[in-house]
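Residue numbers (my numbering), protein chains in the order written: chain A, 1 to 200; chain B, 201 to 871.
Hints in this document: simulated from the structure, not taken from any laboratory. Where hints are given, some of them may not hold.
[As the list claims (entries may be wrong)] Here are the simulated DMTMM-like cross-link-like pairs (lysine to aspartate or glutamate), alpha carbons at most 25 angstroms apart as the crow flies: (1) B:762 <-> B:829; (2) B:403 <-> B:261; (3) B:595 <-> A:116; (4) B:206 <-> A:174; (5) B:206 <-> A:36; (6) B:471 <-> B:349.
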Amino acid sequence: MTTVANPTPINVMLAGIGGQGLVMTTQLICQAAFLEGFDLKSNDVIGLSQRGGMVWGSIRFGDHIHSPNIPPGEGDYLIGLEPLETLRWQHLIKPQGRLLMNTRQVAPTRVQQEQEPYPVEAIEKMQAVRRTHQLDAVAEAMKCGNGKAANTLLVGCLSHWIPISEKSWHQAIDDTYPEKLREVNHKAWRRGRELAAAWE
Amino acid sequence: MSSPQKTVMTGNQAVARGFWEAGGLVAASYPGSPTVEVLESLHQFPEVESEFSTNEKVALEVAIGASLAGVRALASMKHVGVNIAADPLMTFTQTPTRGGFVLISGDDPGMNSSQNEQDNRNFARFANMAVLVPSNSQEAKDYTRMALEISEAYHLPMMVQITSRVCHGRCLVVLGERETHRGTPFPREVPNYAMIPPNTFDKQYQMKERLEKLAEGPEMEGLMQLEETPGAATLIITSGLPHHNLKELENLNQPVSILKLGMPFPLPEKKLKALAAQYEKVIVVEELTPFIENQLKVMGIACEGKSLFPFTGELHTETIEVGLMKAGLVKQPAYQSANLKEVNLAESVASSEDAHAREGAVSEEVAGQAVQVPSRPPLFCAGCPHRPVFDILKKSKVMVNNDIGCYSMGLFPPFEASHSLISMGATLGISKGMLKANRQAGRPIPLVSVIGDGTFFHSGMPGMVNLLTGLEPEDNLTILLLDNGTTAMTGGQANAATGGRSETNTQPFVDIPQVLKAMGVADVQVVDQFRYKEASEAINKAIKTPGLSVIITTRPCALHFKIKNPIYQVDPAICIGCRTCIKTNCPPLRMKAYEGYDKLKSSIDPTMCVGCSICAQVCPVNAISRPVDRNKSGSKAGAKEAESLESTEGAGGKKTTPSHGAESLEKEENR
Chain A
1 MTTVANPTPI NVMLAGIGGQ GLVMTTQLIC QAAFLEGFDL KSNDVIGLSQ RGGMVWGSIR
61 FGDHIHSPNI PPGEGDYLIG LEPLETLRWQ HLIKPQGRLL MNTRQVAPTR VQQEQEPYPV
121 EAIEKMQAVR RTHQLDAVAE AMKCGNGKAA NTLLVGCLSH WIPISEKSWH QAIDDTYPEK
181 LREVNHKAWR RGRELAAAWE
Chain B
201 MSSPQKTVMT GNQAVARGFW EAGGLVAASY PGSPTVEVLE SLHQFPEVES EFSTNEKVAL
261 EVAIGASLAG VRALASMKHV GVNIAADPLM TFTQTPTRGG FVLISGDDPG MNSSQNEQDN
321 RNFARFANMA VLVPSNSQEA KDYTRMALEI SEAYHLPMMV QITSRVCHGR CLVVLGERET
381 HRGTPFPREV PNYAMIPPNT FDKQYQMKER LEKLAEGPEM EGLMQLEETP GAATLIITSG
441 LPHHNLKELE NLNQPVSILK LGMPFPLPEK KLKALAAQYE KVIVVEELTP FIENQLKVMG
501 IACEGKSLFP FTGELHTETI EVGLMKAGLV KQPAYQSANL KEVNLAESVA SSEDAHAREG
561 AVSEEVAGQA VQVPSRPPLF CAGCPHRPVF DILKKSKVMV NNDIGCYSMG LFPPFEASHS
621 LISMGATLGI SKGMLKANRQ AGRPIPLVSV IGDGTFFHSG MPGMVNLLTG LEPEDNLTIL
681 LLDNGTTAMT GGQANAATGG RSETNTQPFV DIPQVLKAMG VADVQVVDQF RYKEASEAIN
741 KAIKTPGLSV IITTRPCALH FKIKNPIYQV DPAICIGCRT CIKTNCPPLR MKAYEGYDKL
801 KSSIDPTMCV GCSICAQVCP VNAISRPVDR NKSGSKAGAK EAESLESTEG AGGKKTTPSH
861 GAESLEKEEN R
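Could you build the full structure based on these sequences and the hints that come with them?
Right, dumping it as structure tokens:
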């Protein structure tokens, strides 16, 4: 086997709940990476989990990508669409990686049924020891015109750190969303990018 | 920069594209994860006649008919769908294939969304078909196209086995032009196409010969990718996605050569023997069964495979690494979460994506302290028409045999209202067998079978007919036929019950009550399950009454038909904190600490509620109501919510509420 290392790919993980539109968001990031000229691979969980279960997606892009999977500890960024799901998947992210976390909690069944607490303290500890940026992405997206653009807003945050041009991102939004949703997604993306710039 | 003929595609989209490029004309499928989107993607091509058929057997038959008629044809289904289609498949494969024929089998290593994990490469060999296994979207497209070419060249039916990761994964795909293939009309060659003895005798030899010819054919060149490394003593043979996962490993302690097999059956024996003879050791890296490994062993090639790697689940990079450590090829593991300790975080929380199947929580360590990360199993959507049905069944404590669909989730807590699930349409036969067994064993109990509209059409109808004879008057079976107007679990595909569900949909539909009546089922009731009390009375009465009863529930899928009505709120001054509503497991409901109250009270997340009213109807103290109703008539009693449905909601089924509102039934697009 050739032992020449891949020129380091960028590994983005998405985690959320079935119904939050995660597949579309994976597609958006893939399209932007493609337009920027990168090789890429992605993965999505599709199936039973779409009904409010845990879902995740992974995107890897760089000069040449073999596997779509991000091995534990190899991820650069995690977009967590929900705090508990961010906690669940943070182990995939490098120590120096970043977690972008939407603060809106959605209780899984056992929490709803009061059989387990929502792990608030563990999430706080995660935030204390990891580079975590948190925001109410739904509220921010509502200010842009539609709460459903929350994912795109988080992608806007992500864009601050990754080497994809603004032009490619906007083209990717046009390529991914139907016409009536494009404007709000452009707006949400810009808002996310501004917020991330302010965090630095 | 990106060249114009490239695009990003999922494996499923790429299969569709490959079929289109190859000049395919007819495609059929039954929806099932992971291959649902193959046929959905084919819908975009007007040149291709594509349909979701009633079940996988019919889909396969449609593709067979098209192939016989000389055109390139595709059937796609999930792995277990091939079981349904096995009967025509096993006989069709005896015939000399005319128009190129490809069966797309969506396998699911790790069972992300399936009831079992069968490896359909075995099915291909069993059926005397060749099987191609793509490792990414580009190959999904190329292999689909190649399968059709091989099929015509060798008169051989082909399988493309594609695993869930490859189906849903994306990568860059180079696009090609569409060829034209119209074929030649079906000839009257009875000995070739009517499979009765003695016509079948020669066919056994022909099936064997065409596979042997392909194994030594020129196509093999493009399907065997050999990466030779000078000085390598070990040859790793792999196939599909594990090839890419293997290539991630950069920490092997010695050089190895890698052979990737695009076609794991049939295999070129002479070539493989000659190659293997150059190496001291051969290791096979393949998901699920030792399919390649066993063939190599039969050829007399010594190799290791399943002694190193798991026979179940996916072969991720880290799993392959563990196997290669056992084989002495890796000394320093790179993927054992080593660097996580630096930030004092988790070992592994969701190390496998099947955590939803686990009961309870997964333990994790954050900042040195053990914490619990609750699992997140899927659940009925807000406004799901199945919710009241399973709430009623749970309270009735009756024995329930379930079937396959979203209503499978009635098995999960907090409902745990059903007790068996085997396969599509099986509940009716299973209940009959249980009735007979219980009667003969002297311990009769009432039974309930739950089956949806799509599953009823798919394979429930024979079981239904079978219930019309052989039962005794004291046998007690209640069948709940949950007619939500769509094949919901797989994303809301249309089925025979979909037509007429909205004012804009005038497609013909099969009238289930009429079908049952025509079959001779005497006791058929149609109920609106959003009238909770009426539905509960009807179901419980049927459970108490001996004989065969069918209750059809009429509310359509809330997700697919995008049902949204004015929302409900909890009045904490009335709520007694009894949690009856919470136990319906509706996503917006959660116990909450209200200011000024010591006890926790129920609450409803206004962003998630769709106004189905079930929580209000189960509330024993009428603490839940709609602000819109309160504004109209002061305090509105929750128990009367059902009455308000008539005037304000339009989501009744076509059979009971012909004047339903079109706006609430407008079909969801782009799911």
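**OP:** Of all the hints given earlier, name the ones this structure violates by number, lowest first.
**Re:** The structure breaks none of the hints.
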